[in-house]
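Enquirer: This is what each chain is made of:
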Amino acid sequence: MATKRVTIRNHTAEANLFARRTFIAMLGLIVLLLILFYNIYQLEIVSYEKYKTRSNSNRIKLLPVAPNRGLIYDRNGVLLADNKPVYSLEVIPEQVPNFAETITQVSQLLDISDERQKKVLQSLKSKRRFKPIEIQSRLSEQQVALFSVNQHKFPGVFIDARLKRYYPFGDLTTHSLGYVARINRRDEIKLEEQGKAENYAATRNIGKLGLEKYYQDILHGTIGNQEVEINSQGRVIRTLNFTPPVPGKDLTLSLDIELQMIAKRALSGKRGAVVAIDPRDGGILAMYSNPSYNGNLFVHGISYKDYNKLTGSKNLPLINRTVQGYPPASTIKPLLALTGLEEGIITEHTTINDRGVYQLPGIETKRRDWKKWGHGKVNLTKSLEQSCNIYYFDLSYKLGITKIARMMEKFGFGEYTGVDLHEENHAIMPSVEWKRARYGKAWYTGETLSVGIGQSYWTVTPLQLAQSISILANKGQIKVPHLLKATSEVSFSNDGNGLHREVKTTEQPIDLKPPIELNNPRHWDIVLDGMHNTVQKKGATAYIPFKGARYDAAGKTGSAQVANIAQGEEYNAETTIESKRDNAMFVAFAPFESPEIVVAVAIENVAKGGGSTNAAPVARQIMDQYFGDREIISKTKHPLHEEIYQHVDKKKTRNR
Amino acid sequence: MHSTGQDQQKTFSIWRRLHIDVPLLAGILSLMILGLFIVYSAGGQSIDMAIKQARNMGIALIVMIFVAQIPPLIYRKWAVPMFIMGILLLVAVLLFGHIGKGARRWINLGVFMFQPSEVMKLIVPVMIAWYVSQKNLPVRILNVFIAFILLLIPTLLIARQPDLGTSLLIASSGIFVIFLAGSSWKLIGSCAVLASAFAPILWMFLMKPYQKQRVLTFLNPEQDPLGSGYHIIQSKIAIGSGGLHGKGWLQGTQSQLEFLPERHTDFIFAVFSEEFGLIGVSVLLLVYLTIVMRGLWIAVHAQQAFTKLLAGSLTLTFFVYVFVNIGMVSGLLPVVGVPLPLVSYGGTSMVTLMAGFGILMAISTHRRFHA
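Taken in order, these protein sequences are the chains called A and D. End of the first sequence sits at 663 in our numbering; the numbers just go up one at a time, nothing left out. End of the second sequence sits at 504 in our numbering; the numbers just go up one at a time, nothing left out.
Just so you know, these hints were derived from the structure itself, not from any lab. All values derive from a computational prediction rather than experimental measurement. Note that beta-carbon positions come from the ideal geometry of N, C-alpha and C, so glycine has one too. Accuracy of the hints is not assured; some may be wrong.
Said to hold, decoys possible - One side of the interface only, derived from the structure: several residues of chain D facing chain A at Cβ under 10 Å:
1) Met165
2) Gly381
3) Leu429
4) Pro467
5) Gly470
6) Arg500
To be verified - From the structure, some residues in chain D lie toward chain A, with a derived Cβ separation under 10 Å:
7) Gly191
8) Ile372
9) Gly379
Chain D on its own, in the form it takes in the complex:
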């Protein structure tokens, strides 16, 4: 009895020394393995694609471990310069960015294409958490107002690119910080009222026609089943035809016969549901829930206001990824380009997500003995 307890303590301390949070890693790895199988199926059973995705995952894991080694207080120290740098990069993107898929998102650094909005997904919560944690909690109205302005700058810059999905994720990461910092319920309520009053203005003056079309399609996809409604209709057919058990791995007709668009990226959840059914979906949702719960546990047990707010925001933003992606694929939300985290094919967003998990692990493992 005595020796096992010591062993446990020892192994625990090894992971601690490596700055790895084991429950979080377990959840991440199970999602990644699941993701590999689905990418293989969704990519027309191409082993090349699966290998590429495995490489992406490897890089992302290395990034996570590397980030986990950095003490969280370093971020607090560098929050403002990083934020200013990020804003400048976003402006640069709008001015001389590289255009791809109809949006101006990339900067050509010669060696590789760099996407500043991805880095901002991490810098913005760091910045807002830094700003809010300067003062005593609960946060006061004036500070909330200033935090909102800080948040609005990158959000609008990214929305201009246009990249609705990312600006949504960035806005919510900041809002989560403000919420967790204890902003008054009155304020939250009036903001909600303001936002709903703002919606018609947004619709009439700010939204582009294709964005309006997406909303209309979301409200009634059958209106144009072969055009704008095609994605969501085929996606719902894929999910619905999966039933309880699913059609089996590699057996999804909607995906294998290519009726489902964007199979290996944004709509990969539909492939998964078609092949693994409601049972598979339940397991997937539980894995996500586990990761989110662990993230919130880390946040609650963090030692400082800054790390608490940052960990909470990163975790909740991760959940927004899951909710928005599954919501849009199953017809609950309009289509915005948000991948299913750790499962969808693609390197960039995965690296950012894993860097976020690295920060969470750092918060979880870099503890000082006092305080």
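Bound conformation, chain A alone:
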């Protein structure tokens, strides 16, 4: 049977069939192999660039490196805003043999709280083992020293140093410098909108107020990049490339820290503001608002307690009073006199008879001079010397509000001065249009009379006041006030003989506005002479405060009513509650012939007297310091507060 089957079987035919099928299979597998090859060819040759890019973006990461923030100096090179290293204790878990034990031991050594330790142990779970975890931030110097000595006992634990903003003068500079604080969600959105987010990728703090905010872009600098190779877990394998960050530019301010100190001392115990401007270039020499607060509190994130203390204080330390509106009172009389001259209402020789009372034709209301029985015969010069209200009631009545407003707007009232601070207030220059827009009511002639003595709706900021006097002293030339004097860039170059430090300083140009042209330029001199007499003439309102000054000053006092005094009543500071007492105002410039400094002072709710007894002495102290011999503190780079005060006091005695 078996043999029979073998004989039937056709081996040749079977072999041929098998060979045919094998050949077909071979063709099939060659086709499949070609498909494989074609697919790989597509990947490796046709799409090579695409996959090369994707492979690189897998492994190459850019680690942003934050630039160092530019420093801020005063006009004499005294450092006002510094970058100080702060130290934090960090640990890399994978380098620590026994994590929990190490944390306990290092905590015992440095006296770190149990809560902190627990947090560190918790964060261990959520973090990569090769990424550092912060054990304690803001180490004290003792902690740093103690740890440094014992570092060998704690492998994987190290101290990380970072630069943080520090304001050596604390509250003395806060209202002008402002401060930096941590970038919050709102800042992030804003940076995103402005397309700056990339440049801030590694930056933690941003200017929130003052110059720190205004010049944020200049101070910040340009981000650097470290190009590193990472593996799939994100561990850095090696650095491929490093682009160093470009540090922010340093700012030199027109501010003089000594004048700031004088201002602070002169205003101590009072609410008020001082602004001093150099009329030659618009540079702000002093800008101080009292009370102030310490900007350093905000850099590390202010505590609720501290913040509530600031916001809860009835003296409102957070407000920058140098750019807040106050009724200007009599300080604007020189400008009103100028308006009268220009409009031809009065001349140098126009005289009125002041019997202490002014009444509009056909109206009951009586307006009184500050001097009960009047000043008698009063011409323009005397009206300024004695700050005669009746003269200005009459003048403003004859001018009318519109002409007053037109002229005052030229001097910058009711408008931003253009100073380099975002916090500036434009205050109010009232007019017929303004009142209609604001209150929907018509203008009353009686209100014009109040405007005539710098009251009613009229408010000006101490900065605006100083600027208006600066324009007057410059006889119409307008130089926009500013705090920034110069910017400087530090760069390093290598010429083969080592690294050279180069400082490139760019002076800030004077920002001019179109000048005020008078019909008769002599009118400048008439008004300026009046201000000169106010200070120099015996018996004039500002004579006593400036008696014996070594420089030739001119000025004008002012006392603003805060409370409404009923007809027939008299103001008495002692019986008036504190917040309703008069404000004291003063403006001055010196030297008279070629002005170098303009000072404006505002003091709120003075206990006794007015501008001449409260505000003028503050201006005197500022000017004394300014014109004193200038052996300036800039020689010492980080002067302590107290030392400077002593220094200033010594100089003062020398002046006398």
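With the hints as your guide, set chain D onto chain A.
Expert: Then chain D, alone, in the frame of chain A:
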């Protein structure tokens, strides 16, 4: 001239006496050496891993030489008992097998873990070749039907484990036997139609969610680039970024920086492509082609229907390994667990493959003078 011819004859006969097929061995050894270098690179430049792999290769070579000594007719004689034994073992695996990596594949024999599905890779083609070669060729429809049932039993048992890769390889080894045995084209055509009709049923009722996910991922890997699509995306990046010349040995960033998963096992081809580029891939494919061609040559020159069918099936199955692995790594096929033969790290599959080559060598060298 005369003496050299004699020498050649002599050396040829030495290899013949050792039952070694020289061209096949040359191809295998070149793949193994290449494999050692890539395993070293893919394994994070660990010399330990390379040494282990060299040991695996040594064992596999010994197994191959041992198997080559057995005359092929022994397999024909023992085909049925071996097949029954294998099926029983597969059932045993499903009932009391050891679970590893989510699948029930191993039987604990006390001394070592035994994987019956690996042995079935050889037993199934032996069994089907035995069955088909009983009758005259070309094979008739009824026999094809019975052969299919014989094939379906181990395939389904292994698919249940689940081990899709192995059941695929086993199914194809049987199908290759039936194809080579000359089953009619009509039958092949209707089977293809049936299979495609069966696909939706398979999808809806038989496939597990993770298996469906693999297919979906294959169709659109970018849908979930960090999850199920991660393997294939990283693999394509590795291959594509290799370019023409490759990044150089030990220089592949995708593999060295561990972006590529399963680097030393299933995805080792991606490591190779990244470091050696299209040029390297071409050489590798040529080596595989050489081995396959030699295997088919052996099949065509085998003396009996059984040995022809067995040799052809073993060779074509080897090619399926290559095609499925490279196809899945380069995004042409869905991901099923099939290693790159003789290159991927691992002992078990290499021993089975080399035992298969041993059978091929036996077929090539155990020739009888008559017939």
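Enquirer: Failing hints, ascending?
Expert: 1, 2, 4, 5, 6, 7
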